[in-house]
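Given only the sequences and the hints, what does the whole structure look like? Please build it.
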Amino acid sequence: MSVYITRENKVLIQGMTGQEGSYWTRHMRDLGTNVVFGVTPGKEGQDVDGVPVFHSIVNGIKAFEADTAMLFVPPKFTKDAVFEALDAGIKKIVTVAEGVPLQEMLQIRKAALSCGAMVLGGNTSGVISAGEAMLGMFPYWIDRVYKPGTIGVMTRSGSLTNEVTAEVVKAGFGLSTLIGVGGDQVPFTRFVEVLPLYQADPGTKAVVMVGELGGSMEEEVAEAIAAGFFTKPLVAFIGGRTAPEGKRMGHAGAIAGGGRGTAKGKVELLEKAGAGVAKRPSEVGPLLRQALGT
Amino acid sequence: MSVYITRENKVLIQGMTGQEGSYWTRHMRDLGTNVVFGVTPGKEGQDVDGVPVFHSIVNGIKAFEADTAMLFVPPKFTKDAVFEALDAGIKKIVTVAEGVPLQEMLQIRKAALSCGAMVLGGNTSGVISAGEAMLGMFPYWIDRVYKPGTIGVMTRSGSLTNEVTAEVVKAGFGLSTLIGVGGDQVPFTRFVEVLPLYQADPGTKAVVMVGELGGSMEEEVAEAIAAGFFTKPLVAFIGGRTAPEGKRMGHAGAIAGGGRGTAKGKVELLEKAGAGVAKRPSEVGPLLRQALGT
Amino acid sequence: MKLFEYQAKEAFAAAGIPVPKSRLVTDPAQARAAADELGGHCVVKAQVLTGGRGKAGLIKLAGSAAEAEALSASLLGETRQIITRLLIEEAVDFKREVYLSITVDAVAGKALIMASADGGVDIEHLAATAPEKIARVLVDLDQGLQAFQIKNVVFALGLAGGETGKQAAAVVKNLYAVFRKHDAELAEINPLFVTADGSVVAGDGKLIIDDNSLSRQAGYELTREHFDSDTEFEAAQDGIPYLQFDGDISLMCAGAGLTTTVFDLINYEGGSVANYLEFGGPNYRRAKRAMELCLKNDCKVLLVVTFGTIARADVMAEGVVEAMNELKPRVPIITCIRGTNEEEATATLRKAGLEPMFDTEEAVRKAVALCAGGKS
Amino acid sequence: MKLFEYQAKEAFAAAGIPVPKSRLVTDPAQARAAADELGGHCVVKAQVLTGGRGKAGLIKLAGSAAEAEALSASLLGETRQIITRLLIEEAVDFKREVYLSITVDAVAGKALIMASADGGVDIEHLAATAPEKIARVLVDLDQGLQAFQIKNVVFALGLAGGETGKQAAAVVKNLYAVFRKHDAELAEINPLFVTADGSVVAGDGKLIIDDNSLSRQAGYELTREHFDSDTEFEAAQDGIPYLQFDGDISLMCAGAGLTTTVFDLINYEGGSVANYLEFGGPNYRRAKRAMELCLKNDCKVLLVVTFGTIARADVMAEGVVEAMNELKPRVPIITCIRGTNEEEATATLRKAGLEPMFDTEEAVRKAVALCAGGKS
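As given, the protein sequences belong to chains X, E, P and A, one line each in that order. Quick note: the first sequence, position 176, residue 176 per my numbering, numbers continuous. Quick note: the second sequence, position 3, residue 3 per my numbering, numbers continuous. Quick note: the third sequence, position 238, residue 238 per my numbering, numbers continuous. Quick note: the fourth sequence, position 179, residue 179 per my numbering, numbers continuous.
Rather than coming from a laboratory, the hints here were simulated on the basis of the structure. The structure presented is a predicted model; accordingly, all values stated were derived computationally and were not measured. Just so it is clear, CB atoms sit at the ideal spot from N, CA and C, and this is done for glycine as well. Be a bit skeptical, because a hint or two may be false.
Said to hold, decoys possible - If you anchor each label on the Cβ, the simulated ranges turn out as follows:
hint: 1; chain 1: E; residue 1: H27; chain 2: X; residue 2: F64; range: 56 to 64 Å
hint: 2; chain 1: A; residue 1: L222; chain 2: P; residue 2: A127; range: 51 to 59 Å
hint: 3; chain 1: A; residue 1: A117; chain 2: E; residue 2: K43; range: 18 to 26 Å
hint: 4; chain 1: P; residue 1: A236; chain 2: E; residue 2: G172; range: 37 to 45 Å
hint: 5; chain 1: E; residue 1: K43; chain 2: A; residue 2: K181; range: 44 to 52 Å
hint: 6; chain 1: E; residue 1: Q290; chain 2: P; residue 2: D238; range: 21 to 29 Å
Said to hold, decoys possible - Computed list of lysine to aspartate or glutamate pairs in EDC-like fashion (alpha-carbon distance at most 16 Å, straight line):
hint: 7; chain 1: P; residue 1: K173; chain 2: X; residue 2: D80
hint: 8; chain 1: P; residue 1: K151; chain 2: X; residue 2: D80
hint: 9; chain 1: E; residue 1: K76; chain 2: P; residue 2: E269
hint: 10; chain 1: A; residue 1: K21; chain 2: A; residue 2: D93
hint: 11; chain 1: P; residue 1: K151; chain 2: X; residue 2: E44
hint: 12; chain 1: X; residue 1: K279; chain 2: A; residue 2: E361
hint: 13; chain 1: X; residue 1: K76; chain 2: A; residue 2: D359
hint: 14; chain 1: X; residue 1: K76; chain 2: A; residue 2: E326
hint: 15; chain 1: X; residue 1: K170; chain 2: A; residue 2: D359
hint: 16; chain 1: E; residue 1: K279; chain 2: P; residue 2: E361
hint: 17; chain 1: X; residue 1: K170; chain 2: A; residue 2: E132
hint: 18; chain 1: E; residue 1: K279; chain 2: P; residue 2: E269
hint: 19; chain 1: X; residue 1: K279; chain 2: A; residue 2: D230
hint: 20; chain 1: A; residue 1: K296; chain 2: A; residue 2: E326
hint: 21; chain 1: A; residue 1: K173; chain 2: E; residue 2: E20
hint: 22; chain 1: E; residue 1: K170; chain 2: P; residue 2: E361
hint: 23; chain 1: E; residue 1: K76; chain 2: P; residue 2: D211
hint: 24; chain 1: E; residue 1: K62; chain 2: A; residue 2: E361
What the hints assert, rightly or not - Facing chain P, a subset of chain X residues (Cβ under 10 Å, in silico):
hint: 25; residue: E44
hint: 26; residue: S56
hint: 27; residue: F83
hint: 28; residue: A111
hint: 29; residue: L113
Now the structure itself:
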């Protein structure tokens with residue numbers, strides 16, 4: 001089973017005619033995603049591999065139903081494109097762009113909350129429901145990473161996710177849906193807001209969270225578990241446990257600061273809440289086996 | 001039974017120390033309203049008849065619970081005061097001020113929708129749950145107008161409401177709660193959004209709507225009835241049935257224009273939906289008796 | 001408050017919206033000079049606030065300065081309507097007319113932009129018969145106008161692409177700025193011309209400023225042209241809602257809804273209304289001024305109906321009696337004053353020799369009967 | 001991008017926030033002249049980006065121009081830290097210090113104003129021990145800063161009422177304007193001074209501009225002072241994330257999360273890191289430049305770990321081999337390159353004489369062993 005994206009979803013692509021847009025549209029369709037139309041102002045009437053293009057979402061949805069928007073739009077136009085999708089009533093939006101201005105990230109997050117929409121990104125590779133469908137930039141199913149199965153994965157990272165999911169697969173499991181919330185300082189959707197999808201999905205038996213130092217998303221997950229809002233087994237891997245304080249390790253999301261945000265604090269809270277916490281990626285598989293009694 | 005305001009509600013008063021604010025606070029308390037604190041910046045530590053005053057809502061709610069805000073604030077500060085109440089999580093807000101700038105009305109309406117709050121006004125006398133409690137500017141229970149009973153009244157007017165409710169009382173009925181949504185061009189809450197309160201209230205057997213030409217609130221009510229969203233008897237009185245088109249009859253809410261907004265159109269839609277429509281105020285009582293089989 | 005075309009266009013131009021060259025004139029000689037300056041070929045436009053000026057013959061095309069002078073003389077000599085100012089405007093060589101406006105959407109709590117590729121005089125017909133040809137874009141005032149919304153409006157205008165598209169986008173953006181800056185209830189350009197060389201120019205301009213915001217919109221004042229009658233103008237300056245009709249019964253009531261209802265009831269009973277006057281709310285202590293305005297009418301009866309809570313019955317009754325004593329109206333007065341302190345009000349009215357009534361519909365019937373020659 | 005105090009104060013002053021009079025100087029003679037102009041009694045402030053300047057002795061009070069000159073000479077001669085600029089500032093006679101900052105709240109999606117009546121050097125201690133003394137006000141960027149929020153902040157600062165209250169309200173409003181206009185991640189005034197006569201003055205200024213918005217914030221550029229080392233500065237100019245450490249293993253990895261994890265694993269194994277370098281994302285075709293930077297370290301081994309999908313394994317492997325051939329590193333290279341087109345990558349590496357690995361933890365153990373004197 002899958003969450004967020006299945007073959008039933010009707011996906012529109014903003015920025016479909018661009019080089020990136022058309023390239024990844026092809027890959028998404030190859031991997032099962034149901035793309036209904038694309039949007040590029042000025043190109044209404046054209047098509048990309050038979051998928052029709054419209055000037056705007058409002059024009060597109062006069063002709064086709066759509067429930068999901070996938071954005072291939074540069075960072076400085078991301079806010080406008082997300083607002084366009086929200087305005088059209090789209091409740092699932094994925095945006096891969098890295099480099100959205102910080103204060104526009106706040107506006108996007110706020111607007112999504114107001115609309116009750118789940119916007120994934122920015123700075124994410126996207127979402128995959130393994131073997132079923134994909135939103136974002138995954139070129140093909142890498143067998144040792146994206147084997148279909150029953151483990152939900154949520155992550156702030158790219159390469160590290162592959163490192164960790166490879167361990168999940170090595171341990172004999174597979175993935176239900178992998179959701180990348182993105183590595184930015186203001187993820188439009190937070191881990192704790194993804195959890196209810198996995199909680200409700202009978203096809204997801206456990207969740208792996210790939211976190212890192214900085215921000216407070218992992219602490220929020222610990223609180224949700226402690227409060228009983230999430231009751232399935234959860235195994236976390238937290239990067240940056242030996243990172244020196246005050247040094248920026250990579251993306252902006254990873255600034256340790258304040259009472260929250262240290263890898264140590266995250267690990268402690270998660271362990272206290274009863275989550276499994278892997279010190280190394282290779283411990284993720286065994287912890288999952290232990291939690292699921294397999 | 002009552003809706004919106006009962007003796008259980010904990011009411012804070014914005015602008016309580018002003019002349020109007022203190023005058024009506026006294027009346028509200030006399031009529032049963034549970035006033036917990038007042039807000040006037042710079043006057044924290046003072047009191048009005050024993051009700052404590054705080055600089056701000058955030059300061060007040062540190063000390064006292066509150067679920068309702070009553071504003072006695074001039075029109076040009078109304079938006080700020082409503083935003084302050086919304087920001088503090090208050091979901092019921094009544095504002096009596098007439099003359100709020102039109103575009104600020106839009107912002108208030110929009111903010112209230114986003115917060116899931118029900119803001120009544122502007123330009124309303126307020127709300128009364130007859131014999132129980134009052135928010136706004138009703139000096140005392142006028143027996144021939146506000147007798148307690150089972151009829152919900154919703155209105156855009158002031159004096160006309162008294163005219164109509166007097167007929168309700170004359171016909172042997174009384175009022176559950178009278179809700180004035182106000183006479184402005186952009187009521188912060190629309191008739192159709194008030195209906196669910198009456199629908200859910202076992203103490204309300206029927207509803208009287210005091211409408212008039214202009215806007216589309218009465219048409220929306222007709223649609224809600226036709227769609228089965230409101231199933232109790234409803235009797236409407238619509239003022240302005242002989243008004244010449246294009247003349248402004250009183251407040252800004254009453255501009256006839258476009259396909260909607262004529263008194264004639266409202267009457268037709270309401271009758272088609274099965275509502276009783278009184279041509280004269282004196283017909284409201286008999287129509288209610290007919291609808292309720294009494 | 002409705003602005004005149006020339007005021008609207010000044011506001012548009014200040015915001016960067018292209019408008020035709022023009023001169024505001026008040027006499028035919030000025031009109032001739034202005035037309036000369038503009039090259040002779042020009043449009044003479046009466047600055048009045050009523051709609052449908054073209055069809056009413058209040059906009060004329062002049063081929064020469066002399067013709068402009070003659071047309072101006074004829075327009076300024078109009079007797080059906082007060083015309084004191086004319087806009088002499090260069091004639092625009094347009095190939096298309098489109099429609100663009102911004103107003104408020106009370107349901108959404110947003111600004112509403114309406115745009116159509118078919119503009120000009122028949123927009124109201126279009127709205128009634130083919131509403132799908134008018135695109136509607138809602139703008140959240142807090143978020144402001146978004147780039148995608150500008151694009152959608154420009155597509156709806158049929159002007160996307162190239163230099164015309166850029167200019168049209170700027171007009172949309174700037175009209176929204178005008179709407180916000182001027183606290184507008186309506187900002188409209190109809191027609192928006194597209195010229196032969198692809199430029200975009202505001203052919204007409206309508207701007208209505210929200211009355212509640214007038215105090216922060218300096219530079220505009222109500223003039224006699226804003227009203228249909230002298231008394232309406234006078235009442236407005238006093239802040240008393242007043243409308244002129246030509247029937248028998250002068251209404252002096254409190255509350256807009258109640259006054260409107262009394263108006264209806266009079267019509268139902270076969271009577272006719274001389275004027276609508278509403279002295280409730282902030283005006284409830286101003287009975288004398290209200291009665292003065294009512295008595296400017298050649299009415300047969302003065303009907304006072306109130307049912308106030310804050311607007312106290314006793315205060316209004318005293319006001320009516322005082323006004324009666326000072327103004328000594330020659331027509332009979334019927335009162336139906338109820339609400340807060342009704343007993344005191346009743347006593348006051350009785351003491352002044354009136355026969356207070358307590359039922360609006362009875363009071364209306366009595367007023368209509370009096371006009372028809374019945375006894376008071 | 002962090003701004004220097006003098007840049008932050010320029011931005012504050014431009015927005016109407018009162019700041020002390022000051023001169024930016026680069027040598028002791030200028031410092032003396034500046035101090036003279038300011039009346040002798042002044043503060044000499046090193047323009048560096050590290051926090052805690054007061055405690056570190058980088059802010060000095062001078063009683064005379066001569067003293068200012070001497071203090072400046074000593075600060076500019078600092079060897080622990082690069083100091084090229086000093087701010088010579090009039091000494092403010094303050095009676096209170098309060099705290100005011102604006103940053104982002106990722107959970108709410110709003111700006112977060114923090115205000116405390118207790119400002120100054122111990123704000124971090126206060127935040128840890130008495131967080132309730134720091135008021136937090138969330139501002140919706142679309143709605144903007146509301147009047148009630150300004151009031152709440154001024155009350156929290158303990159400055160409500162009178163002229164001080166008005167000035168404080170203006171500072172809050174203007175700091176928010178700075179925050180918005182400069183696309184700030186942080187705008188902070190600590191301390192905000194209240195002087196003996198009740199005026200409000202920004203004692204210090206901190207402004208961090210969001211890196212993603214730098215392209216629309218003209219006039220600021222990264223300088224050597226923004227970095228702890230020359231190589232970090234060099235890498236930043238090339239847009240390659242790089243951090244300097246002083247251990248043995250040079251990291252050349254793709255993906256921030258993976259690089260951070262490799263860093264952890266090395267520490268777990270008892271190894272040490274020479275540098276953190278991340279060449280994923282847009283940099284994945286720039287292996288040569290990345291390796292050049294890594295080889296500036298006195299490292300014992302170069303560890304390449306990647307697991308990319310878009311950042312193709314074959315491209316990165318080719319890049320590594322090419323860089324190796326050109327740069328001829330004297331230290332051993334360990335590769336663990338996986339992901340899209342992994343087979344081609346493996347072949348490329350083998351052909352170049354490397355022994356590709358496929359398990360990150362094994363690769364880390366091997367690197368640590370190599371440093372400890374084990375065999376490659």
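Here is what the structure says about each hint:
In this structure, H27 of chain E and F64 of chain X meet the distance hint of 56 to 64 Å, their C-beta atoms being roughly 58 Å apart. The given range of 51 to 59 Å is respected by L222 of chain A and A127 of chain P, whose C-beta atoms sit roughly 57 Å from each other. A117 of chain A and K43 of chain E have their C-beta atoms about 19 Å apart, which keeps the hinted 18 to 26 Å range intact. The supplied range of 37 to 45 Å is met by A236 of chain P and G172 of chain E, whose beta-carbon atoms lie about 44 Å from each other.
A hinted range of 44 to 52 Å is violated for the C-beta pair K43 of chain E and K181 of chain A, which are about 35 Å apart. Judged by the Cβ atoms, the range 21 to 29 Å given for Q290 of chain E and D238 of chain P is violated: they are separated by roughly 45 Å. Note on K173 of chain P and D80 of chain X: the hinted pairing holds, with a Cα-Cα distance of about 15 Å set against a maximum of 16 Å. A hinted pair counts as satisfied when its Cα atoms are at most 16 Å apart, and K151 of chain P with D80 of chain X qualifies at roughly 11 Å.
Restraint check for K76 of chain E and E269 of chain P: not satisfied, since their Cα atoms lie roughly 42 Å apart, outside the 16 Å limit. With a CA separation close to 13 Å, the supplied pair K21 of chain A and D93 of chain A stays within the 16 Å bound. For a cut-off of 16 Å, the pair hint linking K151 of chain P to E44 of chain X stands: about 13 Å separates their Cα positions. Annotation: proposed proximity of K279 of chain X to E361 of chain A holds, straight-line Cα distance about 12 Å (limit 16 Å).
For the given pair, K76 of chain X sits about 38 Å from D359 of chain A by alpha-carbon distance, which is inconsistent with the 16 Å threshold. Only pairs whose Cα atoms come within 16 Å are accepted, and K76 of chain X paired with E326 of chain A is rejected, the gap being roughly 38 Å. Restraint check: the Cα-Cα separation between K170 of chain X and D359 of chain A comes to about 12 Å, which is no more than 16 Å; the hinted pair holds. For a cut-off of 16 Å, the pair hint linking K279 of chain E to E361 of chain P stands: about 12 Å separates their Cα positions.
Taking the CA atoms of K170 of chain X and E132 of chain A, the gap is near 48 Å; set against the 16 Å cutoff, the hint is violated. Distance restraint check for K279 of chain E and E269 of chain P: the Cα-Cα separation of roughly 12 Å lies within the 16 Å cut-off, and the hinted pair is therefore satisfied. With a C-alpha separation of about 33 Å, the suggested pairing of K279 of chain X with D230 of chain A is violated against the 16 Å cut-off. The suggested pairing of K296 of chain A with E326 of chain A holds, with an alpha-carbon distance near 15 Å, which does not exceed 16 Å.
Of the pairs offered as hints, the one joining K173 of chain A and E20 of chain E is violated, with about 30 Å between alpha carbons and a cut-off of 16 Å exceeded. Note on K170 of chain E and E361 of chain P: the hinted pairing holds, with a Cα-Cα distance of about 14 Å set against a maximum of 16 Å. This hinted pair checks out: K76 of chain E and D211 of chain P have alpha carbons roughly 13 Å apart, not beyond 16 Å. Pair hint K62 of chain E plus E361 of chain A does not hold up; C-alpha atoms about 52 Å apart against a cutoff of 16 Å.
With 10 Å as the threshold, the beta carbon of E44 of chain X comes within range of chain P, its nearest partner Cβ sitting at about 8 Å, so the hint holds. About 5 Å separates the beta-carbon of S56 of chain X from the nearest beta-carbon of chain P, less than 10 Å, and the hint is met. Using the Cβ-Cβ criterion of 10 Å, the hint placing F83 of chain X at the interface with chain P is satisfied: the shortest such distance is roughly 5 Å. The interface hint given for A111 of chain X holds, since its Cβ lies 7 Å from the closest Cβ of chain P, which is under the 10 Å cut-off.
Because the closest C-beta pair between L113 of chain X and chain P is about 14 Å apart, greater than 10 Å, the hint is violated.
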